[in-house]
Amino acid sequence: MGGSGGRSPAPLQRRDLEKRVPRPTEDSRPLRLSDLILPLGIGAVVRLLLVVSFIATKGGGDEAAYMRLGWGWNQFEAYTGMWAPLYPKFISYLSAAFDQGAADALRFIQIGFAIWIGVWTALIADMFGGRKAGVIAAWIYALYLPLAAFAALIYSESLFLAFFVPALYQMLRYAREGRIAAPPWRGPLAGALLGLSILTRESTLLVLFPFMVWMAFALRGHETEKRVGNARFQVWAHGSGPLGIAPALLFGLTAVLTIMPWTIRNAHVYDRFVPVATSSHGSASVGWNAADINYDIADLGESLYDAPGELRDKIRGPEPDSWWPRKVVNTADQTQANVQDGMAFAFQHPQFFLRSRIVEFVDLVSPLSFIHRSLRITSGIGEPLNSLYLRRLFSILAVILMPLVVLFGLWGWAYARDAGPLRSLVTTLVLCTSAVALVSGLTRYRVPVMPMVIVLGAIYLAKHREVPSLRRKAIVSTLAIGIILAWIPSIRPAQLALSAIWGS
Amino acid sequence: MSESDQHPSSGHPGDSEAGGKAPIPQDVLRRERRVVAGLLAAILLLALGGFVTIPTEEELVHTATTHEDDLTRVRAMNAMVLRGYWKDKAFKDFERFNKAGPHAIRQFMADMHGDMLKPDRRAWTK
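Protein chains in written order, with the working numbering: chain A, 1 to 504; chain B, 505 to 630.
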């Protein structure tokens, strides 16, 4: 379990360690909530305008399905859906309280979630870049329209981030405080919040083990090594001590325990081991298959199975024959069957599979975002977004902001000073998110990463920088070139999407 | 404590007394181990308890047919549907079962599993 057997002095007492609250910039006072009132207040107004525009609209597809599942759960005390349960459960409470007004109540409450998420985003930026970075992060978060839009949409992202961003904060804080100074609840709280995130969004299960490994490394070594100087902020800099297995277990087991009651419920319902949900059968049959289905832009192509864009067609090459999901009796077995068939398809057509993964990556980093889709397909959008001028301005700003924030985030990743734990955590998160998106890439799937991209960008803009190593420079340059190249195939779909919005 | 105490001039751990390789106190390690053991025990107990109480199909049918609480019957019916119990049965068996049930089950099926009420649904193979 943890480290022992040091040579020198007696163990430091917690009170000694608590006196040392290292601040990244020594001349800055700590971030106060009052510093965030203006940026997050403006962020709330932006979201309020979006919510007002979408009020009383009938969301199609998944939005309608979420509402129906929540209504049914309230009405019959039974959950019939394939998705993770917390968002439908939350809607079921609103359905009980507001009946037909549940969707609008949800949208207004999501403004509150957005402010909550903004506070934690700013606190993470403050932890590594000081007060100025915290305030800048709050401003970027407030004005970053692709994220702001989720307040008005009935998708689980708002609730998910309300758990996930505080979970990331607690993990980073734990790594910073170390095992002696951190309160005993820090690791378990991080785990419980991650567990709630997983119960809101099934794919988050994928980050659990990598995050445990991160924690074991981040809390590695002997306590006093890590608490001295800048070295304690560089994740591997505190040396060769034993891994922090116990903190990793505290965190991971609490997350598992949080999920567990729902896993047991699934065992009772399906008579199978289903950790969270059964939604991956859809991702496998769509993503690991021949047709070019992308729900961000599906309505712009000739058919649902042929997303628009000549360049993406060229990258994908000729399509092999599609496979169709087998009919299986138990709903939970459908997931296993589809994943197996999808993998068999990948092995049969390795070249097409790899080429189509490039297109999934293109979709993941597309400058479009989910709000562009909603603006096109949602009927009855009211003031102020029913004004053509405002809709044009909004949609073009949303397209411009995404590349800007991503590029600043990339530079922040390379240049942020004393941000080792942050850098390694974001890297872990990006890798896991890409793995999910490479099954089936949607702009919505990058949402877990974006608050951290904002944090890194804010640290860069706050000039809390260091000269990066050559290796780090090479990584960030390669990534930047890769992402910029990946935007090229999205130009045509983006043009089509914007013309559809502007013409409507 | 001044900032200089926190940041030894060399920046290398181990250069000062505060930067020595002191072990993590035993009480911290003991506390961590106790909580980890408690979490593991809770997970194992929950898993065991959950596993031994998984209802069989027969039990679900029994609950959906006889339980005094209508919503408990609905939940049993939901589990039967999701397990695919009805996919192995003829449509008329399902229809008979559905009609014999309380209003709550019929309403639940109509509102949440409406496609099963159609005899031409592809899932019905018998």
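Calculated from the structure, these hints are not laboratory results. Careful, some of the hints might be misleading.
To be verified - Under the rule of at most 27 Å between Cα atoms (straight-line distance), these lysine-lysine pairs were calculated in the DSS-like manner:
id, chain 1, residue 1, chain 2, residue 2
1, B, K591, B, K603
2, B, K622, A, K327
3, B, K591, A, K327
4, B, K603, B, K593
5, B, K596, A, K327
6, A, K327, B, K593
7, B, K591, B, K622
8, A, K473, A, K132
9, B, K622, B, K603
10, B, K622, B, K593
11, A, K89, A, K463
12, A, K327, A, K314
To be verified - Some residues of chain B that are not near chain A, with every Cβ distance over 10 Å (derived):
id, residue
13, P529
14, E536
15, G588
16, D592
17, F595
18, K596
19, N602
20, K603
21, A608
22, H617
Said to hold, decoys possible - Which bits of chain B does chain A cover? Going by a derived footprint, with three or more residues having C-beta under 8 Å, they are:
id, segment
23, 545-559
24, 567-580
All C-beta atoms, glycine included, are put in the ideal place defined by N, C-alpha and C.
Taking the hints in turn, this is what the structure says about them:
With a C-alpha separation of about 18 Å, the suggested pair K591 (chain B) and K603 (chain B) falls inside the 27 Å cut-off, and the hint holds. A C-alpha spacing of about 18 Å is found between K622 (chain B) and K327 (chain A), which places the hinted pair at or below 27 Å, so the restraint holds. About 10 Å separates the Cα atoms of K591 (chain B) and K327 (chain A), which keeps this hinted pair within 27 Å; it holds. Of the pairs offered as hints, the one joining K603 (chain B) and K593 (chain B) holds, with about 15 Å between alpha carbons and a cut-off of 27 Å not exceeded.
Between K596 (chain B) and K327 (chain A) the alpha-carbon distance is near 21 Å, which keeps this suggested pair within the 27 Å criterion. The suggested pairing of K327 (chain A) with K593 (chain B) holds, with an alpha-carbon distance near 15 Å, which does not exceed 27 Å. Between K591 (chain B) and K622 (chain B), the direct Cα distance comes to roughly 13 Å. Compliance with the 27 Å bound is thereby established for this hinted pair. As the CA atoms of K473 (chain A) and K132 (chain A) are separated by approximately 24 Å, the hinted pair is consistent with the 27 Å bound.
Proximity of K622 (chain B) to K603 (chain B) is assessed by CA-CA distance (about 14 Å); at most 27 Å being required, the pair is judged to hold. Straight-line distance between C-alpha atoms of K622 (chain B) and K593 (chain B) comes to about 14 Å, which keeps the hinted pair within the 27 Å bound. Proposed proximity of K89 (chain A) and K463 (chain A) is contradicted: the alpha carbons are some 43 Å apart, above 27 Å. As the CA atoms of K327 (chain A) and K314 (chain A) are separated by approximately 33 Å, the hinted pair breaks the 27 Å bound.
Separation of P529 (chain B) from chain A is inadequate, the least Cβ-Cβ distance of about 4 Å not exceeding the 10 Å criterion. Taking the minimum C-beta to C-beta distance to chain A, about 4 Å, the non-interface status of E536 (chain B) is violated against the 10 Å cut. At roughly 3 Å, the least C-beta separation between G588 (chain B) and chain A is not larger than 10 Å, which violates its mark as non-interface. Non-interface call for D592 (chain B) relative to chain A: violated, since the shortest CB-CB distance, roughly 6 Å, does not exceed 10 Å.
Listed as a non-interface residue, F595 (chain B) keeps its Cβ farther than 10 Å from every Cβ of chain A; the least gap is roughly 15 Å. Every CB of chain A lies more than 10 Å from the CB of K596 (chain B), the least distance being 19 Å, so the non-interface label holds. Non-interface status of N602 (chain B) relative to chain A is upheld: no Cβ of that chain comes within 10 Å, the nearest being about 14 Å off. The beta carbon of K603 (chain B) is kept farther than 10 Å from every beta carbon of chain A, the shortest such distance being approximately 18 Å.
Residue placement check: A608 (chain B) does not keep its beta carbon more than 10 Å from all beta carbons of chain A (closest about 7 Å). For H617 (chain B), the requirement that its beta carbon stay farther than 10 Å from each beta carbon of chain A is not met, with the minimum near 7 Å. Counting residues of the segment 545-559 of chain B whose beta carbon lies closer than 8 Å to any beta carbon of chain A gives 10, which meets the minimum of three for the stated coverage. For the segment 567-580 of chain B, the stated coverage by chain A is satisfied: 3 residues place a CB nearer than 8 Å to a CB of that chain, which reaches the threshold of 3.
Of the numbered hints stated above, those contradicted by the structure are hints 11, 12, 13, 14, 15, 16, 21, 22, listed in ascending order.
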